[in-house]
Amino acid sequence: MRRIFHLLLCLIIPSAPLAAAEPISVVTTTADIAAIVKAVGGDRVAVDSIAKGYQDPHFVEAKPSYVRIVNRARMLFNVGLELEVGWLPLLIQGSRNPSLVVIDLSPGISVLEKPSGPISRAQGDVHPLGNPHYWLDPRNGVIMARRVAQELKAVAPGETATFEQNLKSFENDLSARRKRWEEQMAPLRGTEIVTYHKEWEYLMRWLGLSIIGYVEDKPGIPPSPRHLEQLVQTMQQRKVKALIASSYTNPNAPKSIAEKTGTKLLVLPTSVGGEETIRSYSELFDAIVGKLVNALK
Amino acid sequence: MNLIRKGIFYYAICCVWLLSVPQVSHAQLSEMESLKALVRDIGERLQEALKRIDQLEKEKAANRDSVAAAPVVPTQAEPQPVQATGPAPKGILNSFNPAISVNGLFGGGYSSRPRTTRRLTGLDFQNGFNFQEAEFQFTADVDPYWKANFILAVNRAGNAELEEGYVTSEQLPYDLLPRDTSLKLGKFFAGFGKHNLLHAHQFPFIDPPLVNQAAFGDEGLKEPGVGLSYLLPTSWFSEITFQGLAGENDRLFRASEDAKPRGAYLGHWKNFFDVSESTTLEIGNSYVGGRSSYAGHRLSQAVGVDLTIKWRPLRRSTETGLIWQNAYIFFQQEQNRDPASRGGGLYSSLQYQFAHRWWLQGRYDLLGVPKLDDGRKHRWTTLVALVPSEFSAVRLQHSYTVQDRGGPVNQVLLQLNFTIGSHPAHQY
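So the protein sequences, as listed, match chains A and B. The first sequence begins at 0 in numbering that gives the first Met the number 0 and counts up by one. The second sequence begins at 0 in numbering that gives the first Met the number 0 and counts up by one.
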């Protein structure tokens with residue numbers, strides 16, 4: 000009897016620390032949030048991202064395999080502001096996971112382009128809650144990271160010190176890099192550019208570049224020939240230095256405009272994973288700023 | 000902070016000025032000494048306060064430097080402290096209203112045999128233009144436990160019908176619903192195969208597959224009932240569904256609307272695999288059976304299998320994609336005759352998106368495997384769609400049907416399919 004008791008004890012005792020060491024299962028809607036969660040959570044979290052960094056986050060398909068991922072997750076972080084409205088509700092409802100903690104990271108962000116008057120679909124794919132591409136400003140990345148840390152601490156209070164330490168390292172690193180990026184971009188302040196979609200507002204406001212036009216005359220709607228003609232004229236008159244498109248944009252229209260106007264076409268990643276070398280949140284801005292400086296200098 | 004500093008400074012000046020006014024009497028002199036001591040004390044306290052203000056200002060500047068705006072482009076407001084609040088609040092009344100949407104189907108067409116086309120397509124067809132259908136959808140959370148969905152369809156004649164009206168739940172009080180399980184109650188399209196779950200505005204082609212129509216009728220298999228679906232603990236997506244249904248379908252179960260439904264039950268097993276990042280494979284198996292209301296109350300049933308392959312490259316997800324869908328259904332309808340009507344059929348369809356706004360599609364239908372009483376039918380369908388946005392589509396479809404009994408039928412259909420309002424996203 001005593002032997003059996005000892006045997007049971009040996010089986011039970013080693014299993015306790017193992018169970019305690021199990022990382023928090025987190026799913027994020029975008030790769031940028033995943034990178035921030037990984038930076039703050041370290042090895043205390045296991046993170047999956049639904050959208051890949053080279054994918055348009057507006058148009059993710061709600062595959063049942065994603066339902067499976069959400070079903071197994073403990074926490075879900077999303078961008079909010081209705082960026083994921085076309086697919087995230089299906090995943091959450093299909094997951095049948097009532098204990099899932101869903102965190103919208105947009106509260107606390109100074110949201111740009113909140114509609115001040117009536118809106119309708121005649122204006123294209125407008126976001127009624129404002130422009131959701133706020134992660135493209137590293138200052139907002141800090142706000143997101145703080146919120147992530149706050150939520151992780153709530154779920155795993157025993158790991159508070161680890162999360163706070165990781166958050167501090169993330170903030171310090173980003174702050175140092177931000178100063179460098181701002182110095183690199185300082186001579187280019189005020190440069191006029193044109194972008195394909197309304198997704199670069201946060202980035203350009205941070206860096207001080209001036210967006211004077213869009214290839215899409217209405218968000219999410221392919222441009223009309225008349226609009227393109229006017230845009231080409233404007234770009235030629237104002238000698239616009241660069242046309243910026245995301246890596247998932249169909250390059251045909253931007254290429255054609257760039258050729259007509261002699262403007263540089265600059266394809267930028269919008270998210271972590273947008274290019275193979277971009278594996279962290281700060282590397283995303285390393286890549287963007289590097290490309291901007293090379294193109295606009 | 001500067002305002003406070005200025006206030007303290009002027010206050011101190013006033014004190015010093017008042018106390019430095021020339022005095023005359025001894026009593027006044029001693030009082031003066033005590034006041035001077037008081038001023039010295041105030042001065043020391045003032046210095047301490049100013050030091051503290053300087054320290055706070057330095058801390059604030061350091062904090063701003065670590066997070067906030069760039070020194071040269073202060074275009075955005077300072078980042079706000081984290082708040083545990085939701086999205087921007089709307090009006091309370093609006094927040095609790097259901098999301099409402101309307102789908103309109105307006106069409107036109109020509110058929111070499113209009114009556115046969117009505118029978119083959121299930122559409123209220125006539126040569127020329129016609130209003131096909133409008134669907135009004137209302138969705139909202141009832142409370143933390145239930146989500147409600149109502150779809151009201153109005154046809155060309157203006158007759159309204161509750162197409163679906165149900166609630167779903169993933170969580171109930173006292174944990175009555177096990178984890179990984181969802182519950183559905185109400186009137187809904189039964190979970191048989193892929194096509195039966197779709198509303199008319201979601202049909203990949205303008206008309207339904209021949210075999211679905213032959214097995215379940217023009218309206219599909221929609222029944223009052225209750226359903227449970229469960230996610231199996233597998234490494235891939237595997238879902239099993241059981242539904243208890245009223246058994247009202249007039250093809251499978253009921254002689255007329257007056258006949259008493261005798262109940263039916265349905266099982267569906269869906270498996271989904273990511274073949275690659277861009278390609279998925281879905282395999283489904285379905286069964287539905289129930290006692291017929293005809294004399295003898297024998298078992299009427301249908302069994303089906305479906306296979307769908309989808310390809311959509313993530314880097315160009317709005318520009319191109321391919322869907323290949325196949326289904327076979329065998330059915331046995333116990334009606335007022337002997338032997339029962341038995342038969343089966345299949346379809347195979349291909350939908351190819353070749354540009355942002357353009358789709359090209361084809362479908363082959365074969366009805367009569369095994370053969371039905373009226374023989375076999377073959378139908379070839381092609382469709383081209385212009386999709387200006389995700390809320391509207393113009394589709395032109397041609398079908399050619401060959402049947403064992405009756406001559407061939409050529410038909411051309413045109414449809415404008417549009418959505419207004421807040422329409423929930425469609426399932427994958």
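Hints may contain errors.
DEER-style ranges, computed between Cβ atoms [to be verified]:
1. B:P387 <-> A:K263: 43 to 53 angstroms
2. B:V401 <-> A:R71: 14 to 24 angstroms
3. B:A156 <-> A:S255: 45 to 55 angstroms
4. A:Q235 <-> B:S234: 48 to 58 angstroms
5. B:S277 <-> A:G157: 55 to 65 angstroms
6. B:L161 <-> A:K263: 57 to 67 angstroms
7. A:K263 <-> B:S94: 25 to 35 angstroms
8. B:S421 <-> A:A185: 38 to 48 angstroms
Covered stretches of chain B, as calculated for chain A (at least 3 residues, CB under 8 angstroms) [claimed, not checked]:
9. 164-177
10. 235-248
11. 269-279
12. 311-317
13. 415-426
Here are some of the chain A residues that sit facing chain B, going by a computed Cβ distance under 7 angstroms [unchecked claim]:
14. Q54
15. D55
16. F58
17. E60
18. R67
19. G85
20. L89
21. P97
22. Y213
23. K217
Calculated directly from the structure, the hints in this document are not laboratory data. Where a beta carbon is used, it is the ideal one built from N, C-alpha and C, also for glycine.
Results of checking the hints against the structure:
The hint said 43 to 53 angstroms for the Cβ distance between B:P387 and A:K263, and at roughly 31 angstroms that hint is violated. Checked against the hint of 14 to 24 angstroms, the C-beta distance between B:V401 and A:R71 comes to roughly 50 angstroms, which is inconsistent with it. Roughly 50 angstroms separates the CB atoms of B:A156 and A:S255, a value that falls within the hinted 45 to 55 angstroms. A:Q235 and B:S234 have their C-beta atoms about 56 angstroms apart, which keeps the hinted 48 to 58 angstroms range intact.
A beta carbon spacing of about 41 angstroms between B:S277 and A:G157 contradicts the range 55 to 65 angstroms that was offered as a hint. Here the CB-CB span from B:L161 to A:K263 is close to 58 angstroms, well matched to the stated 57 to 67 angstroms. Checking the proposed 25 to 35 angstroms range against A:K263 and B:S94 shows it is violated: the Cβ atoms sit about 46 angstroms from each other. The supplied range of 38 to 48 angstroms is met by B:S421 and A:A185, whose beta-carbon atoms lie about 45 angstroms from each other.
Counting residues of the stretch 164-177 of chain B whose beta carbon lies closer than 8 angstroms to any beta carbon of chain A gives 3, which meets the minimum of three for the stated coverage. Note: the stretch 235-248 of chain B has 3 residues with beta-carbon separation from chain A under 8 angstroms; the three-residue rule is met and the coverage holds. For the stretch 269-279 of chain B, the assignment as covered by chain A holds, since 6 residues bring a beta-carbon within under 8 angstroms of that chain's beta-carbons and 3 suffice. Using a Cβ-Cβ cut-off of 8 angstroms, 6 residues of the stretch 311-317 of chain B lie near chain A, which meets the minimum of three, so the contact claim holds.
Note: the stretch 415-426 of chain B has 4 residues with beta-carbon separation from chain A under 8 angstroms; the three-residue rule is met and the coverage holds. A distance limit of 7 angstroms between C-beta atoms decides the matter here; for A:Q54 the minimum to chain B is near 4 angstroms, and the interface restraint holds. Hint on A:D55 holds. Least Cβ distance to chain B is approximately 6 angstroms, under the 7 angstroms limit. Against a cut-off of 7 angstroms between C-beta atoms, the interface hint on A:F58 holds, since the closest Cβ of chain B lies about 5 angstroms away.
With a least beta-carbon distance of about 6 angstroms to chain B, the hint placing A:E60 at the interface is held under the 7 angstroms criterion. Restraint check, A:R67 versus chain B: the minimum CB separation of about 5 angstroms is within 7 angstroms; hint holds. For the restraint placing A:G85 at the interface with chain B, the shortest Cβ-Cβ distance is roughly 5 angstroms, inside the 7 angstroms limit, so the hint holds. Interface hint status for A:L89: upheld, as the beta-carbon distance to the closest one in chain B is roughly 5 angstroms, under 7 angstroms.
Proximity of A:P97 to chain B holds as hinted, the smallest CB-CB distance being about 4 angstroms (cut-off 7 angstroms). Look at A:Y213: its Cβ only gets to about 17 angstroms from chain B, farther than 7 angstroms, so that hint breaks. The closest approach between the C-beta of A:K217 and any C-beta of chain B is roughly 10 angstroms, which is over the 7 angstroms cut-off, so the hint fails.
Figure legend: structure checked against the earlier numbered hints; hints not met, in rising order: 1, 2, 5, 7, 22 and 23.
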